[in-house]
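Protein chains: 2
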Amino acid sequence: MTETPLTDALARFAAAPLTGAERAQEVLKLSLLDWCAVATAGHNEPVAQAVRALAADEGGTPQAHAIGCDPLVPARMAALVNGTISHALDYDDTHFAHIGHPSVAVIPAALAMGERLGAIGAAVQEAALIGVEASIRVGQWLGRDHYQAGFHQTATAGAFGAGLAAGRLLGLDAGQLADVMGLLGTRASGLKSQFGTMGKPFNAGIAAANGVEAALLVAHGFDPRRAGLEDAQGFGPTHHGAGDMDALQGLGQIWLFEQVSHKFHACCHGLHAALEAVAELLPADPDGITSIEVATHPRWLTVCNIASPATGLEAKFSYAQVMALAALGYDTARLGTFTDALARDPQVKALRQKVRVTPDETLPETATRVRLTLNGEAREASHDLLTPLPLSTRAVKVRAKAEALLGQDKVRDLHGLIEKSAAPGEIGATLCKL
Amino acid sequence: MTETPLTDALARFAAAPLTGAERAQEVLKLSLLDWCAVATAGHNEPVAQAVRALAADEGGTPQAHAIGCDPLVPARMAALVNGTISHALDYDDTHFAHIGHPSVAVIPAALAMGERLGAIGAAVQEAALIGVEASIRVGQWLGRDHYQAGFHQTATAGAFGAGLAAGRLLGLDAGQLADVMGLLGTRASGLKSQFGTMGKPFNAGIAAANGVEAALLVAHGFDPRRAGLEDAQGFGPTHHGAGDMDALQGLGQIWLFEQVSHKFHACCHGLHAALEAVAELLPADPDGITSIEVATHPRWLTVCNIASPATGLEAKFSYAQVMALAALGYDTARLGTFTDALARDPQVKALRQKVRVTPDETLPETATRVRLTLNGEAREASHDLLTPLPLSTRAVKVRAKAEALLGQDKVRDLHGLIEKSAAPGEIGATLCKL
Numbered sequence: 056m057t058e059t060p061l062t063d064a065l066a067r068f069a070a071a072p073l074t075g076a077e078r079a080q081e082v083l084k085l086s087l088l089d090w091c092a093v094a095t096a097g098h099n100e101p102v103a104q105a106v107r108a109l110a111a112d113e114g115g116t117p118q119a120h121a122i123g124c125d126p127l128v129p130a131r132m133a134a135l136v137n138g139t140i141s142h143a144l145d146y147d148d149t150h151f152a153h154i155g156h157p158s159v160a161v162i163p164a165a166l167a168m169g170e171r172l173g174a175i176g177a178a179v180q181e182a183a184l185i186g187v188e189a190s191i192r193v194g195q196w197l198g199r200d201h202y203q204a205g206f207h208q209t210a211t212a213g214a215f216g217a218g219l220a221a222g223r224l225l226g227l228d229a230g231q232l233a234d235v236m237g238l239l240g241t242r243a244s245g246l247k248s249q250f251g252t253m254g255k256p257f258n259a260g261i262a263a264a265n266g267v268e269a270a271l272l273v274a275h276g277f278d279p280r281r282a283g284l285e286d287a288q289g290f291g292p293t294h295h296g297a298g299d300m301d302a303l304q305g306l307g308q309i310w311l312f313e314q315v316s317h318k319f320h321a322c323c324h325g326l327h328a329a330l331e332a333v334a335e336l337l338p339a340d341p342d343g344i345t346s347i348e349v350a351t352h353p354r355w356l357t358v359c360n361i362a363s364p365a366t367g368l369e370a371k372f373s374y375a376q377v378m379a380l381a382a383l384g385y386d387t388a389r390l391g392t393f394t395d396a397l398a399r400d401p402q403v404k405a406l407r408q409k410v411r412v413t414p415d416e417t418l419p420e421t422a423t424r425v426r427l428t429l430n431g432e433a434r435e436a437s438h439d440l441l442t443p444l445p446l447s448t449r450a451v452k453v454r455a456k457a458e459a460l461l462g463q464d465k466v467r468d469l470h471g472l473i474e475k476s477a478a479p480g481e482i483g484a485t486l487c488k489l
Numbered sequence: 056m057t058e059t060p061l062t063d064a065l066a067r068f069a070a071a072p073l074t075g076a077e078r079a080q081e082v083l084k085l086s087l088l089d090w091c092a093v094a095t096a097g098h099n100e101p102v103a104q105a106v107r108a109l110a111a112d113e114g115g116t117p118q119a120h121a122i123g124c125d126p127l128v129p130a131r132m133a134a135l136v137n138g139t140i141s142h143a144l145d146y147d148d149t150h151f152a153h154i155g156h157p158s159v160a161v162i163p164a165a166l167a168m169g170e171r172l173g174a175i176g177a178a179v180q181e182a183a184l185i186g187v188e189a190s191i192r193v194g195q196w197l198g199r200d201h202y203q204a205g206f207h208q209t210a211t212a213g214a215f216g217a218g219l220a221a222g223r224l225l226g227l228d229a230g231q232l233a234d235v236m237g238l239l240g241t242r243a244s245g246l247k248s249q250f251g252t253m254g255k256p257f258n259a260g261i262a263a264a265n266g267v268e269a270a271l272l273v274a275h276g277f278d279p280r281r282a283g284l285e286d287a288q289g290f291g292p293t294h295h296g297a298g299d300m301d302a303l304q305g306l307g308q309i310w311l312f313e314q315v316s317h318k319f320h321a322c323c324h325g326l327h328a329a330l331e332a333v334a335e336l337l338p339a340d341p342d343g344i345t346s347i348e349v350a351t352h353p354r355w356l357t358v359c360n361i362a363s364p365a366t367g368l369e370a371k372f373s374y375a376q377v378m379a380l381a382a383l384g385y386d387t388a389r390l391g392t393f394t395d396a397l398a399r400d401p402q403v404k405a406l407r408q409k410v411r412v413t414p415d416e417t418l419p420e421t422a423t424r425v426r427l428t429l430n431g432e433a434r435e436a437s438h439d440l441l442t443p444l445p446l447s448t449r450a451v452k453v454r455a456k457a458e459a460l461l462g463q464d465k466v467r468d469l470h471g472l473i474e475k476s477a478a479p480g481e482i483g484a485t486l487c488k489l
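As they're listed, the protein sequences go chains A and B. If you use my numbering, the first sequence corresponds to residues 56 to 489, in order. If you use my numbering, the second sequence corresponds to residues 56 to 489, in order.
For reference, chain A alone in the conformation it holds in the complex:
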């Protein structure tokens, strides 16, 4: 037993060839497409403009694409910019095992370092998969108390995953990769107190940038305390970490990343199960609908149950609005479906008055039951977000979401690049063209 069992195990994992990862690699391809879509869709958010201004101010060696930047920027800066921008809409994937957004922290680091090094696309996808898996494991090792205390796992656990992805691409050996993790012990940061501000997406950017920086420093001969994550005054113990070694269970055989959740609706996560359930019940013609009854866990009634939303933002937190929008055929994956105009639309307002939301403590937080009455006849459907989707279904839904955000032509291009494991520079160039 070494002093750093978690660090050593994850470093060995990150230095080794992939085995038995075929399904996880398929999921990674979906997350990469999803990441490309949300990153591109967020490219003009105010926070994107602020980080791009920083990048333009610094300039530097043209190593990697940063969304909306011309020319290329250094890899660390590309990771900062792309990590931030891709989380700006809060529409990227989530892993509920540790509650973090693995893709926005790790994929930007892998793409930037891969492009800097001229790595092949397959190597970048492998590094990204290793990185997201490691970030989930670190997040589980840190545990729920770390999150509850105020730390944003996307930023904290994410940095370690980003560092391993970047370090693997640099060809670091297991000892050096352990050093990357040790160095990140003193560099990783990120708090939930920034939620609701530009600071939240920035947390993803700093995770990605910290990972790239630490990997480069170790490659340049930096010799840190390897135990910086795990020792008595390391990152874990000082940041309310549980140190749960069960986090390593099945490492290298079981890919926790396969359970990542993609967001398929551009609204509060509390509304998603209801949208999935009602989709099974909707008639071609909504005129005959006399009522839509939504039964959900009581916690959501104070989160996303605005009965008469007046704005697009309020619409994202309204069962009534999203049930009406879905019944009228609006695509709830599209950002443009959540507008002030549609919140005031007479047809939508008429239908949302037929929606009734009731609490049901017997339902888990992730499940919702919908009962729709059409021409006097009632039908019911339920959905639980934790129910695994067949991979093929997931692929269809991710692609539909991407098309809702970017249009069919652009998604066809991106999908083709990802399927053929195109080089990271090619993906970056395509994103910057969109």
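Treat the hints as calculated values from the structure; they're not laboratory data.
Which bits of chain A does chain B cover? Going by a derived footprint, with three or more residues having C-beta under 8 Å, they are: (1) 193–207; (2) 240–246; (3) 264–278.
All C-beta atoms in this analysis are idealised placements derived from N, C-alpha and C, irrespective of residue type, glycine included.
Once you've looked at the hints, dock chain B against the given chain A.
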């Protein structure tokens, strides 16, 4: 009472003109000279080479001097490089109120941002003074538990001081400066677990770089949670902070920075009081010395009491060695006094056998009593490191230390530049020439 009383008070302080700071400004000039000396002396340490390699890799807009880098680098990178290099020898100043190294975190941020903006030297020195003072106040607000839990105040409290210094130079108003602090709540990091590795000096670099980055982002329109330092899940509460509002006492009238301690000997701090005491007793000719008795707090006996050091590194932790070196006229401010050769020198070895070290629990940790017997006659002197030095004495000692590190000519140049409040670019250019 606002939600962020500490943040608001420090932001207003950082936006306002200086008043009654004449003495503090003199101390800042001493710290600036001291900083220049230790930074230049550390320029070839292995950690300096690692961070310079990172800077060379990234390149970027030539905004500021980084020690040993050619050409200039972006301000953020200059702060990272210079902060790291200046702490590499661990020979810079210390403030014991919060236990941190204020100059290495703040001065690099002020110089880099000042040079980037073409600011006048007086403005840079004012910003640096505001920054170091604010870092001590934040450090006191975080309190001793924060340090004991494992956080390196140089890095954590230092980042907030660096951010205020950089933001003041950018002309940010008090509200924007408060935003800089809020943003740093999610970005600041740094652990003591890196002590004894390259990670320790790097912590100073990340504080300086984080400060520059946060100030630039706010100037570019970044809108973070302003309460990111203070709110329930802000930096303080999540990082074992005490939230001690006494930290604001006398802000703007009393300058805590005036109590900063400069290191005058290139060895363990536990030996410094003994060196100051013995200096009062030393004869011109050491031949008649029959014994040197050192009485010190028992904690130091396990820290720096190697009786027969075999190497230069061990010599830095040996009462016997440093008493012998001082008696023989070696300059203990010089790095070159702590060599393997001198640890094996017959004359030094003979004299150090006459040194006896005894514990005395009645002495404070900062004090030592030395009894020197010369030709049968005993004399005694004591020194407490917390005894304030007259400013003029301090100036002489800082200059002598700088000369021991850099030589008289170079120190004359630097001293002249600092006295005339030369522009930061001129100071940077001089450092890079040394």
